[in-house]
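Let the hints inform the model, and build the full structure from the sequences given.
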Amino acid sequence: MRNHLFFLSTDSHASPFDMNIALDAGFDVALPYVCVKEEQVEGLTHDIIFSRGPKGTKHSAIFVGGSDMELVEKIVKRAGDSMFDPFTVSIFSDPKGAYTTAAALVAKTGKAVGGLSGKKIVIFGGTGPVGQVAAALCSKENADTTIVTSRDKKAGEEAAVRISSVYGVSIKGAAAKTGEERLALIQEADIAIATVKAGIQILSLNELGSVKNPLIVADVNAVPPSGFGGLAPGDDMKQIAPCVKGIGALCIGFIKYKVEVDIFESMLENKITANFKTAYESAKTLA
Amino acid sequence: MRNHLFFLSTDSHASPFDMNIALDAGFDVALPYVCVKEEQVEGLTHDIIFSRGPKGTKHSAIFVGGSDMELVEKIVKRAGDSMFDPFTVSIFSDPKGAYTTAAALVAKTGKAVGGLSGKKIVIFGGTGPVGQVAAALCSKENADTTIVTSRDKKAGEEAAVRISSVYGVSIKGAAAKTGEERLALIQEADIAIATVKAGIQILSLNELGSVKNPLIVADVNAVPPSGFGGLAPGDDMKQIAPCVKGIGALCIGFIKYKVEVDIFESMLENKITANFKTAYESAKTLA
Amino acid sequence: MRNHLFFLSTDSHASPFDMNIALDAGFDVALPYVCVKEEQVEGLTHDIIFSRGPKGTKHSAIFVGGSDMELVEKIVKRAGDSMFDPFTVSIFSDPKGAYTTAAALVAKTGKAVGGLSGKKIVIFGGTGPVGQVAAALCSKENADTTIVTSRDKKAGEEAAVRISSVYGVSIKGAAAKTGEERLALIQEADIAIATVKAGIQILSLNELGSVKNPLIVADVNAVPPSGFGGLAPGDDMKQIAPCVKGIGALCIGFIKYKVEVDIFESMLENKITANFKTAYESAKTLA
Numbered sequence: 001m002r003n004h005l006f007f008l009s010t011d012s013h014a015s016p017f018d019m020n021i022a023l024d025a026g027f028d029v030a031l032p033y034v035c036v037k038e039e040q041v042e043g044l045t046h047d048i049i050f051s052r053g054p055k056g057t058k059h060s061a062i063f064v065g066g067s068d069m070e071l072v073e074k075i076v077k078r079a080g081d082s083m084f085d086p087f088t089v090s091i092f093s094d095p096k097g098a099y100t101t102a103a104a105l106v107a108k109t110g111k112a113v114g115g116l117s118g119k120k121i122v123i124f125g126g127t128g129p130v131g132q133v134a135a136a137l138c139s140k141e142n143a144d145t146t147i148v149t150s151r152d153k154k155a156g157e158e159a160a161v162r163i164s165s166v167y168g169v170s171i172k173g174a175a176a177k178t179g180e181e182r183l184a185l186i187q188e189a190d191i192a193i194a195t196v197k198a199g200i201q202i203l204s205l206n207e208l209g210s211v212k213n214p215l216i217v218a219d220v221n222a223v224p225p226s227g228f229g230g231l232a233p234g235d236d237m238k239q240i241a242p243c244v245k246g247i248g249a250l251c252i253g254f255i256k257y258k259v260e261v262d263i264f265e266s267m268l269e270n271k272i273t274a275n276f277k278t279a280y281e282s283a284k285t286l287a
Numbered sequence: 001m002r003n004h005l006f007f008l009s010t011d012s013h014a015s016p017f018d019m020n021i022a023l024d025a026g027f028d029v030a031l032p033y034v035c036v037k038e039e040q041v042e043g044l045t046h047d048i049i050f051s052r053g054p055k056g057t058k059h060s061a062i063f064v065g066g067s068d069m070e071l072v073e074k075i076v077k078r079a080g081d082s083m084f085d086p087f088t089v090s091i092f093s094d095p096k097g098a099y100t101t102a103a104a105l106v107a108k109t110g111k112a113v114g115g116l117s118g119k120k121i122v123i124f125g126g127t128g129p130v131g132q133v134a135a136a137l138c139s140k141e142n143a144d145t146t147i148v149t150s151r152d153k154k155a156g157e158e159a160a161v162r163i164s165s166v167y168g169v170s171i172k173g174a175a176a177k178t179g180e181e182r183l184a185l186i187q188e189a190d191i192a193i194a195t196v197k198a199g200i201q202i203l204s205l206n207e208l209g210s211v212k213n214p215l216i217v218a219d220v221n222a223v224p225p226s227g228f229g230g231l232a233p234g235d236d237m238k239q240i241a242p243c244v245k246g247i248g249a250l251c252i253g254f255i256k257y258k259v260e261v262d263i264f265e266s267m268l269e270n271k272i273t274a275n276f277k278t279a280y281e282s283a284k285t286l287a
Numbered sequence: 001m002r003n004h005l006f007f008l009s010t011d012s013h014a015s016p017f018d019m020n021i022a023l024d025a026g027f028d029v030a031l032p033y034v035c036v037k038e039e040q041v042e043g044l045t046h047d048i049i050f051s052r053g054p055k056g057t058k059h060s061a062i063f064v065g066g067s068d069m070e071l072v073e074k075i076v077k078r079a080g081d082s083m084f085d086p087f088t089v090s091i092f093s094d095p096k097g098a099y100t101t102a103a104a105l106v107a108k109t110g111k112a113v114g115g116l117s118g119k120k121i122v123i124f125g126g127t128g129p130v131g132q133v134a135a136a137l138c139s140k141e142n143a144d145t146t147i148v149t150s151r152d153k154k155a156g157e158e159a160a161v162r163i164s165s166v167y168g169v170s171i172k173g174a175a176a177k178t179g180e181e182r183l184a185l186i187q188e189a190d191i192a193i194a195t196v197k198a199g200i201q202i203l204s205l206n207e208l209g210s211v212k213n214p215l216i217v218a219d220v221n222a223v224p225p226s227g228f229g230g231l232a233p234g235d236d237m238k239q240i241a242p243c244v245k246g247i248g249a250l251c252i253g254f255i256k257y258k259v260e261v262d263i264f265e266s267m268l269e270n271k272i273t274a275n276f277k278t279a280y281e282s283a284k285t286l287a
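Residue numbers (full-length UniProt numbering), protein chains in the order written: chain G, 1 to 287; chain F, 1 to 287; chain R, 1 to 287.
These are computed hints drawn from the structure, not numbers from a lab. All figures in this text were calculated on a predicted structure; none of them were measured in a lab. There may be inaccurate statements among the hints.
Any copy will do: because identical chains look the same in the list, a pair fits if it lies in one copy or spans two.
Stated by the list, open to error - The calculated DSS-like cross-link candidates involving lysine-lysine, where the alpha carbons are at most 25 Å apart (straight line), are:
hint, residue 1, residue 2
1, LYS177, LYS55
2, LYS172, LYS119
3, LYS258, LYS58
4, LYS55, LYS258
5, LYS197, LYS154
6, LYS172, LYS277
7, LYS153, LYS271
8, LYS212, LYS154
9, LYS111, LYS277
10, LYS271, LYS197
11, LYS277, LYS258
Next comes the structure, spelled out in structure tokens:
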């Protein structure tokens with residue numbers, strides 16, 4: 001029996017990135033279902049699970065992607081709720097790569113500092129998809145985690161409360177608009193992470209030069225300029241300032257890629273429900 | 001040459017159910033074309049038939065699905081009208097499974113009563129897609145066929161006239177809102193069929209207990225509650241009341257599945273135009 | 001590694017014609033991306049090129065089709081601009097078959113007259129996609145090229161200026177509404193081409209009978225009536241009037257088909273960017 005992947009996306013296109021990886025990982029067929037709405041999921045799921053017999057469920061799987069992370073989670077829940085033994089299939093969610101990227105980012109930085117427990121971590125752009133999942137993973141590892149928005153303090157704190165509630169963790173919120181304010185936030189931090197949009201520099205090389213404590217910076221944006229001055233996409237713990245080592249976006253991206261391959265391959269072996277937690281477990285062994 | 005299926009749907013998604021069955025039946029590639037409009041069909045058909053040479057037409061086929069049964073029929077007609085020898089390909093229509101489901105339902109109940117000719121059949125929810133095709137198939141077998149709506153008598157009779165005209169048959173229309181009215185309608189009936197929406201019970205186990213003549217009940221809805229009290233989805237001519245035997249939705253669904261596989265496999269062998277009649281011929285041998 | 005084709009279309013469906021040819025030419029998987037907007041192309045391209053490693057770029061390719069020729073060109077440009085060594089993949093554009101059709105048409109007529117340089121060519125319907133690309137190819141071969149619209153002279157001349165500018169060529173514009181006016185335009189012409197919509201006859205057999213100079217007529221419309229009276233779709237330099245030989249739409253269509261196969265096969269061998277120029281080079285060897 002051939003392996004069929006049903007690729008559900010909240011967007012109008014099924015990401016070619018995930019399509020390529022799924023097919024290369026061993027799916028024989030990948031079928032795009034775009035602009036998926038929550039109310040369509042039960043019907044789609046029943047169609048998937050009831051059409052190949054109980055044995056066929058090992059050869060069918062669901063991927064859920066797209067840029068609407070909340071809708072992705074609703075789709076995953078609906079799909080899961082629509083299944084029952086033995087009519088269950090694997091589900092893997094990774095909204096616009098945010099789960100695998102956050103997992104790779106946190107696993108890599110965690111390895112770099114010898115474990116995240118008790119470490120002070122500041123995540124710039126932490127209210128976006130990658131940032132909030134990274135914050136949740138850091139906090140679950142008992143790191144002292146702060147997300148930073150470029151808006152005002154209230155927005156940062158509200159986001160922290162919301163993220164803490166969604167993921168069952170405890171993170172802090174802050175705001176910073178200037179390099180000076182950002183520099184103040186990373187005093188005594190062990191790790192500074194940038195998950196901001198392309199085109200924004202969080203700290204210049206000059207500002208990083210003034211850092212006095214050992215700091216690791218990591219960026220997930222591969223398009224110049226880097227979120228941290230002097231950091232190149234391929235850098236892997238490169239010394240970029242007297243006290244600062246950097247991890248670039250391609251270094252993290254390569255781990256993210258391996259994690260995604262690993263999960264798609266696992267779906268072909270066993271029935272799994274994979275999300276950011278699964279991705280993080282995988283990333284810790286692959287980083 | 002690989003076998004290509006062009007999956008045309010009136011809906012925004014190509015049913016994963018039909019996709020799985022088509023691919024498992026032997027199509028190498030299945031390509032989704034969604035939200036298909038009637039005026040697009042000639043262009044799509046010409047594209048399909050003219051791009052692989054006359055020999056290629058044996059390896060290309062069209063499936064037409066989706067919940068808009070009338071549009072499905074228009075698409076089938078347009079596609080057929082756009083072909084000419086030797087540039088013809090197989091076409092299989094099955095709007096939301098209604099044709100194969102109705103075929104399985106009628107073939108199974110027909111077998112249970114030793115042939116439908118002269119039998120009295122009452123179809124609750126007979127104005128929906130499955131119900132009306134089932135009614136047409138019953139009437140073609142010379143059964144005394146009545147469709148029943150939950151609206152008023154006029155609506156039931158008008159639907160019966162319309163269905164009789166569309167399929168060239170002669171069926172009667174009725175209405176029933178209460179269990180008592182429904183019970184009255186099945187007096188002296190040989191078969192009572194439920195093709196209503198999930199969640200509606202046509203007759204309770206208590207009401208079925210009052211039936212005095214031998215009656216077979218059949219339901220196409222697998223989601224509890226059953227259309228007939230005491231009927232389980234997997235039941236195959238199970239005694240559920242002193243005079244009543246029941247056929248459940250999974251029993252019918254399994255025949256429907258085999259019919260659909262049979263037709264997709266036939267499309268790979270010969271050029272066919274398959275609709276509810278083809279499905280019924282197949283179902284009679286598979287039920 | 002399997003060969004993946006990402007089929008980007010400006011329309012709501014990915015042409016089954018191009019799908020069939022791409023798959024028959026050797027692509028293992030062809031994935032449809034429909035209603036593609038210019039601003040989505042960078043993201044799609046990055047997804048395509050970054051997900052299989054540098055080696056994978058030899059096994060991924062982009063096809064751009066659809067009826068909006070201008071948008072097709074914008075998509076091609078954006079996709080190309082989003083790539084850099086070694087992360088580049090093949091791109092083949094053929095908006096609704098216009099490039100391969102125009103290439104086949106011009107190569108075939110050019111061969112028929114022993115080279116287009118210095119020849120007088122009149123293209124009826126020359127403002128449409130096939131017509132304007134054919135005009136550009138003729139002019140690049142130093143033919144004296146005139147496009148003819150059925151609207152007024154101003155419209156024809158403006159179109160000629162626009163096309164000359166877009167393709168860097170020099171063509172003339174004219175208008176003709178009656179058979180008499182069209183007959184006047186082809187006096188002393190070597191080639192008359194019809195790229196008009198189905199249902200329009202440019203010159204009747206009677207009018208062609210009055211032609212005194214040797215003339216070749218060619219038509220790309222296979223649906224009767226032919227653009228030239230007496231011309232059948234399969235005609236290959238058939239004498240249809242004392243001074244007139246004709247090339248029919250199927251004759252041109254067969255070359256177009258071979259050109260498209262040739263380009264898809266080339267994409268599997270080498271990284272290429274194929275458009276109407278590539279198609280014309282291929283057509284000259286295949287016509």
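For each hint, the structure was consulted:
1. LYS177 with LYS55: neither (56 Å within a copy, 42 Å between copies)
2. LYS172 with LYS119: within (14 Å within a copy, 74 Å between copies)
3. LYS258 with LYS58: both (23 Å within a copy, 20 Å between copies)
4. LYS55 with LYS258: Answer is between; shortest inter-copy Cα gap is 16 Å, intra-copy 29 Å.
5. LYS197 with LYS154: within (21 Å within a copy, 50 Å between copies)
6. LYS172 with LYS277: within (21 Å within a copy, 59 Å between copies)
7. LYS153 with LYS271: Neither: 43 Å inside a chain and 51 Å across chains, both beyond 25 Å.
8. LYS212 with LYS154: neither (29 Å within a copy, 74 Å between copies)
9. LYS111 with LYS277: This pair counts as within: shortest intra-copy Cα distance 17 Å, inter-copy 53 Å.
10. LYS271 with LYS197: Neither: 35 Å inside a chain and 32 Å across chains, both beyond 25 Å.
11. LYS277 with LYS258: within (15 Å within a copy, 40 Å between copies)
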